[in-house]
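Peer 1: Protein chains in written order, with our numbering: chain Z, 1 to 280; chain F, 1 to 297; chain E, 1 to 404.
One or more hints might be untrue.
Covered by chain E, per the in silico footprint, the following chain F stretches (three or more residues, Cβ under 8 Å) [what the hints assert, rightly or not]:
id, stretch
1, 29-43
2, 129-140
3, 152-158
4, 234-247
Think of the hints as simulated: they come from the structure by calculation, not from any bench.
All values derive from a computational prediction rather than experimental measurement.
Here a beta-carbon is modelled for each residue, glycine too, at the ideal position from N, C-alpha and C.
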Amino acid sequence: MINHKQKRLYLNILTHAVLAIFALIAIYPILQIVTVSLRPSDKLLSTSLEIIPEGATLRSYVNLFTTQPFLRWMRNSAIISLTVTVTGVVLASMSGYAFSRFNFMGKKFGMMSLLITQMFPATMLLLPLYIMLIYLGLINTYLGIIITYTATALPFCIWTMKGYYDTIPASLEEAARIDGCNQFQAFYLVILPLAAPALVITGLFSFMTAWAEYLVAAQILQDTQLWTLPLGLKSFESNMSTEWGLYGAASLIVMIPVVVLFLLLSRWLVSGLTLGSVKG
Amino acid sequence: MSSPKRTLFIFLFVAPAFIILLGVVVYPFVYNVVLSFSNMNLRHLKDWHLVGGRQYMKVFTEPTEPNFYIVFLKTVIWTTVNIFFHVVIGVFLALLLNRKIKGKSVYRTLLILPWAIPQYIVALTWRGMFNYEYGSINLVLTKYLNLPAVEWLKSPTEAFLACILTNVWLGFPFMMVVALGALQSIPHELYEAADIDGASWYHKLKNITIPLIRPVMIPAITLGIVWTFNNLNIVWLVSNTGEPSDQTHILVSFVYKAAFNLYRYGYAAALSMIIFAILLILSLTFARRAKVTEGAY
Amino acid sequence: MKQLPAIAAVVALVLAGCAARSVDLRRIVIWHQMRVDERVILESQLARYMKLHPDIRVEAVYKETETLRSDFIIGAIARQGPDLVYGPSDQIGPFQVMDIIAPLEPYLDSGWIASINPKGLTWYKGHLYQVADKLGNHLTLVYNKKLITHPPATDSELIAAGQRLTDRRTGQYGLVWNYTEPFFFIPFMSGFGGWVMDDEGHPTLNSAGTINGLKFVRDLRDKYHIIPAEADYNAADALFKDGRAAMIVNGDWSWSGYKKAGIDIGIAPLPVITSTGLPCAPMISPKGFSLNANVPPEKIPLIIDLLKFLMEGENQLETAKILNTMPTLKALYDDPFIRNDEILINSQKQIERGRPMPVVPELRAIWDAMRPSYQAVLGGAKTPEEAAEDMQILAIKKIEEMNE
Chain Z
1 MINHKQKRLY LNILTHAVLA IFALIAIYPI LQIVTVSLRP SDKLLSTSLE IIPEGATLRS
61 YVNLFTTQPF LRWMRNSAII SLTVTVTGVV LASMSGYAFS RFNFMGKKFG MMSLLITQMF
121 PATMLLLPLY IMLIYLGLIN TYLGIIITYT ATALPFCIWT MKGYYDTIPA SLEEAARIDG
181 CNQFQAFYLV ILPLAAPALV ITGLFSFMTA WAEYLVAAQI LQDTQLWTLP LGLKSFESNM
241 STEWGLYGAA SLIVMIPVVV LFLLLSRWLV SGLTLGSVKG
Chain F
1 MSSPKRTLFI FLFVAPAFII LLGVVVYPFV YNVVLSFSNM NLRHLKDWHL VGGRQYMKVF
61 TEPTEPNFYI VFLKTVIWTT VNIFFHVVIG VFLALLLNRK IKGKSVYRTL LILPWAIPQY
121 IVALTWRGMF NYEYGSINLV LTKYLNLPAV EWLKSPTEAF LACILTNVWL GFPFMMVVAL
181 GALQSIPHEL YEAADIDGAS WYHKLKNITI PLIRPVMIPA ITLGIVWTFN NLNIVWLVSN
241 TGEPSDQTHI LVSFVYKAAF NLYRYGYAAA LSMIIFAILL ILSLTFARRA KVTEGAY
Chain E
1 MKQLPAIAAV VALVLAGCAA RSVDLRRIVI WHQMRVDERV ILESQLARYM KLHPDIRVEA
61 VYKETETLRS DFIIGAIARQ GPDLVYGPSD QIGPFQVMDI IAPLEPYLDS GWIASINPKG
121 LTWYKGHLYQ VADKLGNHLT LVYNKKLITH PPATDSELIA AGQRLTDRRT GQYGLVWNYT
181 EPFFFIPFMS GFGGWVMDDE GHPTLNSAGT INGLKFVRDL RDKYHIIPAE ADYNAADALF
241 KDGRAAMIVN GDWSWSGYKK AGIDIGIAPL PVITSTGLPC APMISPKGFS LNANVPPEKI
301 PLIIDLLKFL MEGENQLETA KILNTMPTLK ALYDDPFIRN DEILINSQKQ IERGRPMPVV
361 PELRAIWDAM RPSYQAVLGG AKTPEEAAED MQILAIKKIE EMNE
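Next up, chain Z with everything else stripped away, as it sits in the complex:
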């Protein structure tokens, strides 16, 4: 008979094994990109399977920072992405709350419209978006692209926030109101902290929407001074002459802020915040 402790150990080992296998599958293609970035010649594929290629060199990384305005792209992307993250999280946390706690005219339509706005194939929307932004004078501006990205991220964010709020019992606000808070304070001081995990999802998603997006950025940011990372990366790309060394190196570096952000935000992916506060 296996006792409880042994069963736990066995399950833990199994968990580790499964996670390790998936982690390996997750990183294998990325290791290939590491190889691409270290290769002395611009080659995407190789006939050999080695991870560290023959004649490995860090030249692509050096070139990336010295011959290309990589840091400028990174700065532009950071400004835009962080702004979109903040705007997205603020607006979504507020809208989601209203949708969760109240019934009002147009609520159902509002929720449905979040879904519907995502359904149209994006390629066709680029031309009219471009025309509209020219008319508004928002081409080649951060404001134009931030507004567009926020609009892209909002549907998912609002809906997710609403979903999470729905799992928090309304009795908590009642308790807060009894203690003298108004509706806004109940939202801000009590409910919002409890919805931290949803804020993490929303924040990360908004960031990724802005950080990795290419098509809209290519339409709006015509001035090379304003280029974001995806546009910069695309400039290494040529139908048949892509600078794979630079592209590989850049791709790996582009991942780092995302990972850092994820690690920072993961602190709030903790549970047990809800109950214990209201019993019965």
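Place chains F and E on chain Z using the hints.
Peer 2: Frame of chain Z, contents of chains F and E only:
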């Protein structure tokens, strides 16, 4: 809260988001509707005019290679298979990562990398892995599993499968993150109570976990369906714009090729409207059945 | 809220980045699809120009070829876009039909025009729409001197050399190339006497040239086994750079990449097909500048001045030396470097055997019509005869659709 105060509160909380959202989306959408009734193409680029439903007629009657309905069917398969695996793998990994084990951060970081890496290079890397002679996938199949090598990119079914595999790899981290967040909303006490009652893991999963992560998973799944349905990028890159012989297409890549290559913007607009309508009907049906806009408690 | 000052600061920062830009006569914008090493040369030439003209600012923006095309069209619809657009000549036809580029000959004197190689000037429907500084974009036979010293001159020599150099055990191939893409099939179609269209722009795909060309490519793989079973552009490129392929069919854009990878390359014209006596003729295309139709008339003289500067002998020679492309200024053909550089000599031989790429919009429809049937032959689903017939039918249909 009094009624006018309540209305003001709701307005202030909801309006800014929706002004931005609708502002960005409405004009392009209306423009596209107008274009779909026009003859904008190579010969009528700046001087296009309305021609009624001619473009729509073409979409329905013009024989295309491949057939519209086959592409539609492929799109449905593409969407369902992808979402199924994204969600199952994502939730599964989230459950594992939610346990008390050491090195969680390491695993979480590694597992999120497919989401973080730029898609262009990784999609082409995957395409390289499917190469018949030199790709890692066939090497693993032949050397370690003693299976015959597959001609991934030369046959329509296998090429389609290659696109799906790549997209599953790309998509599970997102669902995993959402599931991780969703799991945090479940109070420990519920599991403890179930343990006291002697419930099995399956019972806990079915009656506690799944229902309670639903409210947060539903937006991700519903939107995931919509996004995957319209995800042009991966199919385009892995199959090198539809190879072999334009067989590897989903509706959006099909639109892109049929319309944009030959500058048939009016036609593309009509085709996009039809894709939109199909997606609308499918999603609304799904949404109504799953009661997506309602709460959990 | 406590975060309000922080948010306000971010908003202020953002708004500061929104500099409003008005129409600026002293700012010239060029959109191009030059790859990285070409770009570097352009930037340095532009820097020299700006030193000579301190009050003018020139900006060069890179866009990938397909994106360049569609973005230019979108820009034109909105009456925006760059002042000059740079690319291969096949974009001229569509742009002209859409009326988004302007004729250049009213602004250039005939003496200057006469100094340029006619192949570098793209006339269409009676007007000059593109002035090119590079001639080529053509496929050639590139060989690895370490593996093969004498490139084949005929198709039988090619097959013999290929068989000699293909060794399945070591994974080495005699010949590799992106043979699934129609552009890379054209030389073999022309070698057997076929071509994509006639002088009026009607497709001529159902010819013996197409059929025999298809059979030839298929035989290279299935009968003579000198090319890999599967090779797209990146795969063929990788094999050649790995030193595992003796020969590759690739264009002038790739040569500097191979040299950078340390391959000792030689360039040779593609072989002659013995049964027809015809050389395999690739498409050649100039790459040059076109003028956006939206440019205000008062700005045009400034743009022409820039254009002439970039076309000057000194600049073209510099480009030719670094990139091994053929210049278009007639006077340069007597320059010692151009006459003596081995790669340029062979490149010139291939250009002489090549055929100009059509600029008419119909070409695009033809590519799209060729691709599925071509790949079906390679996949074994169609016979070459069926494919040629299907290509022709589909091309006619697509051209009709495009021209409605």
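Peer 1: When the hints from earlier in the document are held up against this structure, which numbers fail?
Peer 2: none
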